[in-house]
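S.K.: Now for the letters of each chain:
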Amino acid sequence: MEKPIFDFGMNTNRRHFLSRLSLGIGGAALGSLLVPDLFKSDTENSVNDIVSGLPHFAPKAKRVIYLFQNGAPSQFELFDHKPLLNKMFGEDLPESIRSGQRLTGMTSNQTSFPLAGSIFDFKQHGNSGAWVSELLPHTARIVDDICIIKSMNTDAINHDPALTFFQTGAQVGNRPSMGSWLSYGLGSENQNLPSFCVLLSRGKGNGQGVYSKLWTNGFLDSVHQGVQFSSGENPVLYLGDPEGMDRSERRRMLDKLAKLNQGTFDEFGDPEVTAKIQQYEMAYRMQTAVPEITDMSKEPESIVKMYGPECLVPGTYAANCLLARKLSEQGVRFIQLYHQGWDGHAGLPKEISGQCKDVDQASAALVTDLKQRGLLDETLVIWGGEFGRTNFCQGKFTKDNYGRDHHPRAFTIWMAGGGIKPGLVYGETDDFGYNIVKDPVHVHDLHATILNQLGLDHERLVFKHQGRRYRLTDVAGKLVKDIIS
Amino acid sequence: MNAPFPIKYVLLAGIGILVAGLGWKGLVNKKVTSAKDISYNYQIRPILSDKCFACHGPDANKREAGLRLDMADNAYAPLEDKKKFAIVPGNPAASEVYKRITSTDPGYQMPTPESHLGLLNEGEIDLIKNWIAQGARYEQHWAFAAPKQAKLPEVSDKDWCENEIDRFTLAKMEEVGLAPNDPATREQLLKRLAIDLTGLAPSLEIQRKFAEDNSANAYEKIVDNLMSQKAYGEKMAIHWLDIARFADSYGYQNDDVRTQWAWRDWVIHAFNSNMPYDRFLVWQLAGDLLPNPNKEQILATAFLRNHKITEEDGVIPEEYRVEYHLDKTKTFSSGLLGLTVECAQCHDHKYDPVSQEDYYRLFAFFNSSKEKGFDGSAGSGPAKTPVLTISSSDTKNLLNFINSKDTARIVVSVMGEDDQPRPAHVLNRGVYDAPGKVVTASALPAVMKFDTTKYPRNRLGLAKWTTSKQNPLTARVFVNQIWQEIFGRGLVKSTGDFGMQGELPSHPELLDWLAVDFMNHGWNIKRLIRQIVTSATYRQSSGMTEEKKNKDPENIYLARGARYRVPAESIRDIILSTSGLLNPEIGGPSVKPYQPKGIWEATTANRGSLAKYIQDTDSALYRRGLYTFIKLTLPPPAMIIFDASNRDHCEVKRQKTNTPLQALVMLNDPTVLEASRVLAEQLSASPASVDAKISEVFQRIVCRKPNAGETQLLVDYYKEELSTFSKSKSKAGAALNIGDSKHGQKVDVAKAAAMMRVISTIYNMEETITKS
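Protein chains in written order, with the working numbering: chain B, 1 to 485; chain S, 486 to 1257.
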């Protein structure tokens, strides 16, 4: 947090600075107040009289890496071990358990709801004795570093609203996403990289798309928008100089441009012109910084072995995990991964096996790698999907093949680092895995807890828009104190 | 406006300087507090609304201690324990409100520490104290009282004024001790006008013509000329497309194509034919309910169907049917009335007098639509029930403004009522499956009574209510939006919120004068715009002295011309029009110009026809920005980076940011590089001197002649680059190898590549994409 106040962007920052001073904010917080504006200058919306004294208290975590498993992995095949479902294999889900819970349009006309137990084996692992299935051997080895939450629950039952809810705290879209809130609240630690980066990958399983409203800045300044990295020739859009232009020629061009723009400033006196000159300088620095960080060729053999050989193939989940580590090491505040392919409505056993092969090793490697570097304490890692899956079969049902529909009522995610208790299994579902019986964690609660670890009070991180104070947690959210060390 | 505006006392004291950046409300709050008449509307209500109404305001369910401070009767009445009073007019010391806002006891003070609202500052406390001392007089919220035209204010320099607008702005400047800037140069004015009226840079031909026109009314002539161009309608449409959340896809996962573009063509047509604003609204809200509606009137209602529509298998239809009408309600209230009624979806509004029941009465107008919550998954068609089918004969006749590419019929999602009205309910907590009390359709009573003897209880009634000259909001809100599009900042800065929490107007009398004038002249949009751009206020230079920068950084008092970066679409249009690449075709299906590779493909689930980005070819690559295909789940990045609306929801105001990603677009987007290459190749064939070439291309792009220093700098740069490229022809060839358009004949590649660098630099100048 204690970064120097950079000169760049100061023309407009001075104005914000004054307005905040007039509200009686102590000088101690100013460094962090100015950092959020580094990336840009804005004449319209950056004067907000609500952000004050951030962070609100000493943070445990400085950065977040969110490994989003897009499409909703089945908790029954991975973490939530339910022998009863194997015992009752094929029997109907008792109405007393379902108790009127709504169903999606895909199963609401099913006449029966045959229970399906996992065909994969479970064992207990580590000192914590956490149950993990054979599909996740690498994750099984790090159970003492992670906190498994079996009692996640959400409001939405379809992908789009559920994903949007997880990322923005609202199902409707156009609210700022979590990464944008953190960028807004805490700014960037690195002046050559965006504070919120988005990395995409895709497995072979039934996929659900992603969309840019998941990393939208909503009503916050657009500087807080997630910057989507791509595995193509340009890791950041428009980053690469055109054919035939080398760095010294770009430099020459920017020097000429700065002189021309300086002339404009001299004529109009508009601070936006100065800001523009500085933005071109920042762009120039990004052109060097981003390719350096996305270049995997210099990674040592041990790292490649740890993440798996796919980490050298741009655009894979493994490569994105490694890139996430490098970005976070450079101070990027929020790194959002999405891995598609978890939507197992049919043929779930085969699909989920493939998905786990994609993500298991690299996810575990990321945690281990951060730990080895002494970064896990200050980096919060989160792994999970947008909801869970039903304990009963959707569609065709055989002994070794079945599908599962969406289940928002109870599902499993894990968290690691950033002051979250390691080696903990938190929350419990009933023997059917259908309802939560202990320590429910709602999406709003998760958000409140994530913000808390970054030193932010979710009730005080607000932005006033069209007369209303908005929060990531809307009007809800309780800190899950039991999982904080 | 019955109260005098005490603001002038504040501003005379020069306090504006100290609180620069706090915005208008801040200015008022910080004022000298011993002023004689404290205004409830302008000074007290903003404080009460922000700090008190959440618990002591319109929301009956959250009201603490039975106290509401937004109504005089209740605020003056005895409190629950009967001995105390929240407000005793004339006696602050006896008023609980005053005692609690000044208390240091956390258990007693207001706002409570738990609210996280923060305590009132000294200035605010003094204001409340003096207001109570002066009798604690309440007033109707300014925006809910019908606008009246005040007398034109007296000013000392009447000669400066070109029209009525200037009387108001100059009076304000004189109050705060600012003097207007000199007029902008002719070159600046022409570019400003062209950007504001057509969204394009003025061509060299227009520049020369205007420079040579010495007639007294040269300025007025060019205004009329620009407004008569078809490009005017395109420019005007952009803001309306933001309000109407227009896009080319359905918007949820499996985001497939839809064909609402025929409605977009209608919007352009409506602006170009100067359709009166009231009719423009009536058709869009209820064209289908007019007597014997024609297809054009029905097409206009697509306005209400531009919201996202799900094609995700397994959704619960009723959940989405409700969602669509919530979106319509929001678009109507935010875009047309400037109110944030969506707060009342889940509970009574916390600040504005809109109850949850009021909200669902408004919602009820849309509830009887024939549409379905789920009407097929990806691939089921580019329009959803109810649909208007447009034949090729329609596009040759009544709907000849539609740019139909072939004879295939066009389908558009439009409005249409069910035969049986569907009962609407208050939805508890705003949730579709928690219906409460049944309600009948009615418009917001706090704004204006919905008189059922005049208005039917359907969308047509709502449209008539909206466009009634007695409606206090419609004209003000639209006039303010137009003002915002021209000056970069509305007279009410919070364009989408004219409610209690919104900003107060900087020039309330001007806003009202314009609103009334607009209605009295048949809601004539071109006339309104002409008034604004022919004012002396508009014509000022945008130069910023230190004094003005300090006194008025946001240009609230309009003592200088507007200066800001042009909208995303205009950036593209300037590049294409100045390079001669622009294809000026109007309307038609949206197009897919250059876009970085792989970004649709990386996000899709491979369903529907938009899984892959299939770039267009030939002249379709060079259409204006507003025709760029908008896939809602991944809107065009070069536009979004420049703050274009993502069209997800109704948007009344875009941000204006300045970021490094914008620099990267200008440096490396093939659109800019190709434009530079094409101009460079053209120039390389010309026998003119390098100086002359650079001077001409500079004027073409920046719309003024370069000064000697600029020319010298660019000529030097040209020579440096020429020396580099002369050493490597292959490098020059690589630099020129950009874009699909044809290359020039007999091009000296080294010279062309060097000139291309120069031109690309000119495109990157801040001034090029700035209206100054």
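Be aware that one or more of the hints could be misleading.
The list that follows gives simulated cross-link-like pairs (lysine-lysine, DSS-like), each with its CA atoms no further than 25 angstroms apart [as the list claims (entries may be wrong)]:
#  : chain 1 : residue 1 : chain 2 : residue 2
1  : B       : 464       : S       : 1138
2  : S       : 1034      : B       : 259
3  : S       : 780       : S       : 890
4  : B       : 259       : S       : 1190
5  : S       : 636       : S       : 954
6  : B       : 204       : B       : 305
7  : S       : 1097      : B       : 204
8  : B       : 256       : S       : 1216
9  : S       : 1011      : S       : 1138
10 : S       : 568       : S       : 584
11 : B       : 256       : S       : 1097
I should point out that these hints are in silico values taken from the structure, not numbers from a laboratory.
S.K.: Would you pick out the hints that fail for this structure and give their numbers low to high?
M.R.: 11
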